[in-house]
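Peer 1: Okay, here's what each chain looks like letter by letter:
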Amino acid sequence: MITIDVDMDKCQHYGQCVFEAPDIFALNDNDKLEFVATANDSRRSDVESAVDVCPMQAISIVE
Amino acid sequence: MSKSVVIVGASMGGLRAAEALRNNGFEGQVTVIGAEVHAPYNRPPLSKEVLAKEVTHDAVAFKLRTQVEDVIWHLGDPATSVDLETQVVTTNSGKAFDYDGLVIASGLRPRTLELPNGKLSGRHTVRTLDDAIRLRTDLVPGARVIVAGAGFIGCEVAATARGLGCEVTNVAIDSFPMIRPLGEKLAAELQRRHESHGVSFRLGHGIKDLIGKDSLSGLILDDGESLEATVLVEAISSHCNVEWLANTNLDISNGVLTDSALRAVTTEGQSVEGVYVVGDLARFANPLFDDDARRIEHWNIPTETGKRVGAVLSAYLEQADNFAELAALPFAPLPSFWSDQYDMKIQGFGMPGLADRYELADGELSGELVMAYFRNDVLIGVVGIGMTSEVMKYRKQLLGT
Ligand SMILES: Cc1cc2nc3c(=O)[nH]c(=O)nc-3n(C[C@H](O)[C@H](O)[C@H](O)COP(=O)(O)OP(=O)(O)OC[C@H]3O[C@@H](n4cnc5c(N)ncnc54)[C@H](O)[C@@H]3O)c2cc1C
Ligand code: SF4
Numbered sequence: 001m002i003t004i005d006v007d008m009d010k011c012q013h014y015g016q017c018v019f020e021a022p023d024i025f026a027l028n029d030n031d032k033l034e035f036v037a038t039a040n041d042s043r044r045s046d047v048e049s050a051v052d053v054c055p056m057q058a059i060s061i062v063e
Numbered sequence: 001m002s003k004s005v006v007i008v009g010a011s012m013g014g015l016r017a018a019e020a021l022r023n024n025g026f027e028g029q030v031t032v033i034g035a036e037v038h039a040p041y042n043r044p045p046l047s048k049e050v051l052a053k054e055v056t057h058d059a060v061a062f063k064l065r066t067q068v069e070d071v072i073w074h075l076g077d078p079a080t081s082v083d084l085e086t087q088v089v090t091t092n093s094g095k096a097f098d099y100d101g102l103v104i105a106s107g108l109r110p111r112t113l114e115l116p117n118g119k120l121s122g123r124h125t126v127r128t129l130d131d132a133i134r135l136r137t138d139l140v141p142g143a144r145v146i147v148a149g150a151g152f153i154g155c156e157v158a159a160t161a162r163g164l165g166c167e168v169t170n171v172a173i174d175s176f177p178m179i180r181p182l183g184e185k186l187a188a189e190l191q192r193r194h195e196s197h198g199v200s201f202r203l204g205h206g207i208k209d210l211i212g213k214d215s216l217s218g219l220i221l222d223d224g225e226s227l228e229a230t231v232l233v234e235a236i237s238s239h240c241n242v243e244w245l246a247n248t249n250l251d252i253s254n255g256v257l258t259d260s261a262l263r264a265v266t267t268e269g270q271s272v273e274g275v276y277v278v279g280d281l282a283r284f285a286n287p288l289f290d291d292d293a294r295r296i297e298h299w300n301i302p303t304e305t306g307k308r309v310g311a312v313l314s315a316y317l318e319q320a321d322n323f324a325e326l327a328a329l330p331f332a333p334l335p336s337f338w339s340d341q342y343d344m345k346i347q348g349f350g351m352p353g354l355a356d357r358y359e360l361a362d363g364e365l366s367g368e369l370v371m372a373y374f375r376n377d378v379l380i381g382v383v384g385i386g387m388t389s390e391v392m393k394y395r396k397q398l399l400g401t
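So the sequence lines, in the order shown, correspond to chains A and B.
Under the numbering used here, the residue at position 37 of the first sequence is numbered 37, and the numbers go up by one with no gaps.
Under the numbering used here, the residue at position 60 of the second sequence is numbered 60, and the numbers go up by one with no gaps.
Treat the hints as calculated values from the structure; they're not laboratory data.
C-beta: ideal position from N, C-alpha, C; glycine also.
Check each hint, because a few of them may be wrong.
Some but not every residue of chain A turned toward chain B, in silico, with C-beta under 7 Å [what the hints assert, rightly or not]: (1) Gly15; (2) Asp31; (3) Asp52; (4) Pro55; (5) Gln57.
A few chain B residues that don't get close to chain A, going by computed Cβ distances all over 12 Å [as the list claims (entries may be wrong)]: (6) Glu49; (7) Ala61; (8) Thr91; (9) Arg109; (10) Gly165; (11) Trp299; (12) Gly353; (13) Leu354; (14) Lys396; (15) Gly400.
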């Protein structure tokens, strides 16, 4: 399992992460980010892509 | 002997290329040569939230993943030349680095105004961490700040400086701020919003000269008006960092021309095997739009080009059977950009600057909105202020999905 952390002070709800891993990141009806904090190891590469595309560099994978 | 890669430029493009080489199984040596002393960091916050708070390397540094643990960082020593025949990069300190694969990732630097009385303190640019640290100390409440240039970076600095309590005037030769990417309607509205936050504009004007002895006390516009100022931020345009390629036959007329595999192309139009370009410097044709090769100075491009180069270059170096097939795949990244000014979240996709027509697609001009941009009646770009979900619908359409 991997643990995902989003620094909500940094996150500006741009939703770029959603394209990379829609099963983990989503924007709710108010355009605010929601995410699941743990994912299967097989999702690592998509979560890394989400880390890469986040303009605020708010996402991290907790090792 | 195992192969080696030299990457010139230790910023986002260089880092993403190094990561992608490793992710694609390349095990040889990777050396990144950087002009700056800092490990790769993220530039956008330097005109926005980090400039508004405290500018430190920690606040902007990219996390280095375990994949790139064994990458050699040769920092604070710029490349000065390369010999494409013997495959050697030479640096300012005289060190020589052999390579089998070369990645050009040396990006841009700001252009500054050439003025008769130009040698004054108080002049700033914002490209590097050190630039932003210097600027931050001058942005004290009440300081009279002139921002030259009304592109995204200039407008962000203006907004941040206002937030810090500075008196801000924006001087630009354009008719409206950010008009080239956004079109007149939205640009005029953004000017109105900046003005309501207290920024004054002198649009359609250039700067003729500076006033002051050792330090800046003001400047003179081309119509003779003089403005008081102790800080001048120049965000007018950029130079490509390609001087170290001057003795090659690469097409460096505007960035570095590449083919769709991002291999560098010579002035004769030949792709050079083993030599690749990423980030702001890469000038490539994007099949999403047309056949014209363009550089794209947006933040998602270093990542997109870095990933592409990592895949193609590792296949080339390992003489993989699928190299030719990989190199021939189309490369069509959707440009994406964003900008924070005051409480506005501006977000865009595509190439709105190429549009011949635009229309307000959602929201209201004075509030949150979506503007759609068309060329020959085909959607070519979208820009939103807020309204993320609506903007994303157009993004999907741009991708043809
Ligand atoms: C203040 C600012 C705000 C921005 N905001 C946004 C934004 O909100 N949204 C957006 O989409 N984009 C934004 N951008 C653009 C984005 O940051 C760039 O597109 C991105 O940094 C390009 O990365 P790069 O690696 O290609 O080049 P650069 O980041 O320019 O890196 C090139 C590196 O190479 C080094 N170098 C140069 N010459 C040599 C040499 N001879 N040898 C070795 N090293 C060399 C340079 O010192 C530099 O470290 C912003 C840029 C700036 C400066
Ligand atoms: S991409 Fe980053 S800023 Fe945007 S919603 Fe995801 S975590 Fe937040």
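Peer 1: Work down the list of hints and note, for each, if the structure agrees.
Peer 2: Hints, one by one, checked against the model:
1. Gly15: holds, 5 Å
2. Asp31: holds, 5 Å
3. Asp52: holds, 5 Å
4. Pro55: holds, 5 Å
5. Gln57: At 6 Å from the nearest chain B Cβ, A:Gln57 passes the 7 Å test, so the hint holds.
6. Glu49: violated, 8 Å
7. Ala61: Given that some Cβ of chain A is not farther than 12 Å from that of B:Ala61, nearest at about 9 Å, it is violated.
8. Thr91: The claim stands: B:Thr91 keeps its Cβ more than 12 Å from every Cβ of chain A (closest is about 28 Å).
9. Arg109: For B:Arg109, whose nearest Cβ neighbour in chain A is about 22 Å away, the distance exceeds 12 Å, so it holds.
10. Gly165: holds, 23 Å
11. Trp299: violated, 7 Å
12. Gly353: Per Cβ check, B:Gly353 is outside 12 Å of chain A; nearest 20 Å; holds.
13. Leu354: The assertion about B:Leu354 holds, with a minimum of 22 Å to chain A.
14. Lys396: violated, 9 Å
15. Gly400: holds, 14 Å
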